[in-house]
Amino acid sequence: AQSVTQLGSHVSVSEGALVLLRCNYSSSVPPYLFWYVQYPNQGLQLLLKYTSAATLVKGINGFEAEFKKSETSFHLTKPSAHMSDAAEYFCAVSDRGGATNKLIFGTGTLLAVQP
Amino acid sequence: NAGVTQTPKFRVLKTGQSMTLLCAQDMNHEYMYWYRQDPGMGLRLIHYSVGEGTTAKGEVPDGYNVSRLKKQNFLLGLESAAPSQTSVYFCASREAVSTDTQYFGPGTRLTVL
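Protein sequences, first through last, are from chains A and B. Residues in the first sequence are numbered from 1 upward in steps of one, following the working numbering. Residues in the second sequence are numbered from 1 upward in steps of one, following the working numbering.
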């Protein structure tokens, strides 16, 4: 069975500082991995995804994530935080081509950006 | 192109009441999903559909029923609401042949008193 663990339910950074949100996965098959962002009172929006092409994936709003098989990790980073980045971030893994292509979500990390 | 829409946006029910949440997508997607989101638990899959006329149980299906009579619509029903079903409900859809990106609706906030 697949699973995702997000370390740190709350992360606080200063504006302009590096953002690092951690995600580790467990999968018996090569995974597809996703980061979604949820702004207050909104639905989830795809930030980026890894589907076995390049291991460094660039997404929207300056975010990127690196797939590291040896560490079973897919951490999300952004070099310089903006106030507008304050949101909840979810990492997810797909059962990749299974009959349902279900997504398994982590419990989320709430990012606060301090001025 | 509206994407995925959900009706209603908010609802308050009393214990034992019933209601139906509607999800509609205009992207001609085959797959549709219902999730619930609770604090500290991420999103959990309730039911899903791999095509018109088909439905299947997800991770937390108890107390819910679904129907997919039309490809573009996926209905989630609560026959007898319980306070434990207080949550935010999200619908998502996905193409049949794709790299698994799911597109989400804006959510329905349901409170059961």
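To be clear, the hints were calculated from the coordinates, so they are not data collected in a lab. You may find that some hints are simply not true.
What the hints assert, rightly or not - Pulled from the structure, derived: some chain A residues nowhere near chain B, Cβ distances all over 10 angstroms:
{"#": "1", "residue": "Leu20"}
{"#": "2", "residue": "Asn24"}
{"#": "3", "residue": "Phe34"}
{"#": "4", "residue": "Glu64"}
{"#": "5", "residue": "Ser70"}
{"#": "6", "residue": "Ser80"}
{"#": "7", "residue": "Asn101"}
To be verified - With a cut-off of at most 30 angstroms between alpha-carbon atoms, the simulated DSS-like pairs for lysine-lysine come out as follows:
{"#": "8", "chain 1": "B", "residue 1": "Lys14", "chain 2": "A", "residue 2": "Lys69"}
{"#": "9", "chain 1": "A", "residue 1": "Lys49", "chain 2": "B", "residue 2": "Lys14"}
{"#": "10", "chain 1": "B", "residue 1": "Lys14", "chain 2": "B", "residue 2": "Lys57"}
{"#": "11", "chain 1": "A", "residue 1": "Lys49", "chain 2": "A", "residue 2": "Lys69"}
{"#": "12", "chain 1": "B", "residue 1": "Lys9", "chain 2": "B", "residue 2": "Lys71"}
{"#": "13", "chain 1": "B", "residue 1": "Lys70", "chain 2": "A", "residue 2": "Lys58"}
{"#": "14", "chain 1": "A", "residue 1": "Lys49", "chain 2": "A", "residue 2": "Lys68"}
{"#": "15", "chain 1": "A", "residue 1": "Lys68", "chain 2": "A", "residue 2": "Lys58"}
{"#": "16", "chain 1": "B", "residue 1": "Lys70", "chain 2": "B", "residue 2": "Lys9"}
Just so it is clear, the structure is predicted and the values come from calculations on it, not from any experiment. A virtual CB, placed ideally from N, CA and C, is assigned to each residue, including glycine.
Violated hints, by number in ascending order, as checked against the structure: Hints 3, 7, 8, 9 and 13 are the ones this structure does not satisfy, whereas the remaining hints hold.
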